[in-house]
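There are 2 protein chains.
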Amino acid sequence: MGKCEQCIIKQFNAMKSLTKDELIRISGCKTSRIIKKGEVIFEEGENINGVYCIKDGICKLSKLSENGKDQIVKMVVKGQLLGQRSLITEEVSNLQAVALNDMEVCFIPRGEIMADLQNNLKFSFDVLKVMARDLRESDDIIVNMAQKTVRKRLADVLIYLHSNFGENTDGTLSILLSREDYANIVGTATESAIRIISQLKKENLISTKGKYIKIEDLAGLKRVE
Amino acid sequence: MGKCEQCIIKQFNAMKSLTKDELIRISGCKTSRIIKKGEVIFEEGENINGVYCIKDGICKLSKLSENGKDQIVKMVVKGQLLGQRSLITEEVSNLQAVALNDMEVCFIPRGEIMADLQNNLKFSFDVLKVMARDLRESDDIIVNMAQKTVRKRLADVLIYLHSNFGENTDGTLSILLSREDYANIVGTATESAIRIISQLKKENLISTKGKYIKIEDLAGLKRVE
DNA sequence: CGAAACTTTGACTACGATCAACTCCTGTGG
DNA sequence: CCACAGGAGTTGATCGTAGTCAAAGTTTCG
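Sequence order for the protein chains is A and B. Residue numbers for the first sequence, in UniProt numbering: 1 to 225. Residue numbers for the second sequence, in UniProt numbering: 1 to 225.
These are computed hints drawn from the structure, not numbers from a lab. Some hints here could point you the wrong way.
The calculated lysine-lysine pairs, modelled on DSS-like cross-linking and capped at a C-alpha distance of 30 angstroms, are [what the hints assert, rightly or not]:
| # | chain 1 | residue 1 | chain 2 | residue 2 |
| --- | --- | --- | --- | --- |
| 1 | A | Lys214 | A | Lys148 |
| 2 | A | Lys222 | B | Lys69 |
| 3 | A | Lys148 | B | Lys16 |
| 4 | B | Lys222 | A | Lys69 |
A partial selection of chain B residues facing chain A, derived with a Cβ cut-off under 8 angstroms [what the hints assert, rightly or not]:
| # | residue |
| --- | --- |
| 5 | Gln71 |
| 6 | Val73 |
| 7 | Gln118 |
| 8 | Ser124 |
| 9 | Arg133 |
| 10 | Ala146 |
Only some residues are given here: those of chain B computed to face chain A with a beta carbon under 10 angstroms [to be verified]:
| # | residue |
| --- | --- |
| 11 | Asn67 |
| 12 | Val127 |
| 13 | Met131 |
| 14 | Asp139 |
| 15 | Asn144 |
By construction, the Cβ of each residue, glycine as well, lies at the ideal position given by its N, Cα and C atoms.
Let's have the full structure, built from the sequences with the hints guiding it.
Structure (structure tokens):
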């Protein structure tokens with residue numbers, strides 16, 4: 001099993017602030033795990049009892065709404081930590097996590113990571129920074145949800161996916177989402193999302209290869225209102 | 001000027017974790033300020049350079065959307081700290097803060113509070129907890145925005161205001177918001193909010209005395225879909 | 001008292017949800 | 001290898017929700 005102190009992934013999250021000794025200790029109690037695409041990592045209401053450090057892959061965090069629809073709240077990718085919030089509030093998870101592609105994660109039990117949070121100031125301050133940034137992002141999402149049309153939100157999501165997760169060699173978005181996922185991110189009905197995607201296609205802003213979406217005119221997409 | 005170490009307000013926020021010495025130091029450099037209803041505490045994009053500890057009153061945090069409408073993202077009340085996020089991300093504020101009634105606040109300059117954040121583990125961990133809870137709340141707001149009707153959201157807001165800020169002796173909500181504020185919280189047009197309020201009135205779920213709103217049937221309001 | 005700001009109502013429009021039918025993939029078992 | 005089942009994607013028709021514009025009524029405050 002890999003050693004935390006040598007793992008490159010830690011550079012990308014707050015764990016870079018842990019000391020070598022702390023990393024060695026964590027390395028000793030962590031468990032690695034492969035998660036297949038579509039697999040549930042944890043459920044809403046589940047006691048997570050630790051955090052996941054994502055070595056590879058992407059997952060979606062969603063919450064079941066009263067009307068029975070899932071709302072995707074956040075995507076967490078390679079390099080980031082998963083489950084920090086619930087760890088800190090000491091409550092069960094308020095979100096469900098599902099893998100969007102095959103993932104490789106390390107699970108660090110609550111006790112170990114909490115010990116570091118409460119002893120290593122640099123580490124806890126780093127986590128604080130991540131959260132403050134997340135909060136900013138949440139503010140933006142709230143405003144967008146409240147004030148923008150579905151069409152505009154969907155265009156924004158495509159731009160976001162493109163700039164954050166990049167594209168395959170053929171130019172399609174490297175992250176593959178179902179139409180339902182798209183709908184659940186922008187908060188609309190699947191049919192509505194589909195309709196807008198085909199409309200954007202007609203306007204030559206995007207093209208599709210099966211489920212894959214390729215952005216043809218990024219500037220045009222940004223101008224969508 | 002009041003002394004932080006004797007101030008009761010600190011019990012309600014993370015400052016309770018500061019040592020007596022730290023509080024005395026902060027007391028020496030803080031500035032008290034009275035803010036009138038409607039006054040802007042800080043603007044979106046402004047460098048806040050510290051945090052406000054709210055001794056009395058309530059304010060709204062809002063963000064200007066591209067369509068020119070303000071979206072109210074959060075309400076911050078007596079006992080809470082204002083501006084922590086921007087302090088931590090070391091960026092300009094992403095929100096505007098406006099007083100909803102006459103307020104009394106203490107301003108603590110960045111340097112002082114940062115020093116404590118980076119030295120007092122208990123304090124920074126407390127702030128971490130507050131933020132983790134805020135993030136949970138944001139998740140809920142996002143889901144509600146995305147999945148619920150304006151009518152349902154407005155009913156929820158009324159219930160929220162009632163349970164969090166209480167009522168006057170005549171039973172009206174003790175917090176007084178304009179119709180536009182209501183609209184800006186639920187993310188709708190002012191006229192839409194007005195229409196729904198008058199509809200709820202017809203259904204005898206609420207009544208109004210001028211701008212004041214009184215909840216007549218809390219259980220009924222909760223059943224609104 | 002009068003101006004300005006806020007609230008209310010009406011009429012109309014547009015956006016997005018829902019339901020239903022149909023097509024297209026994909027994978028599984030005969 | 002084909003057939004078929006099931007899921008995902010697509011499209012059309014229809015309906016209700018909410019946004020916009022306009023006008024009139026009401027409060028508030030100087």
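Practice item. Could you check the structure against the hints above and give me the numbers of any it violates, in ascending order? Key: Hint 3 is the one this structure does not satisfy, whereas the remaining hints hold.
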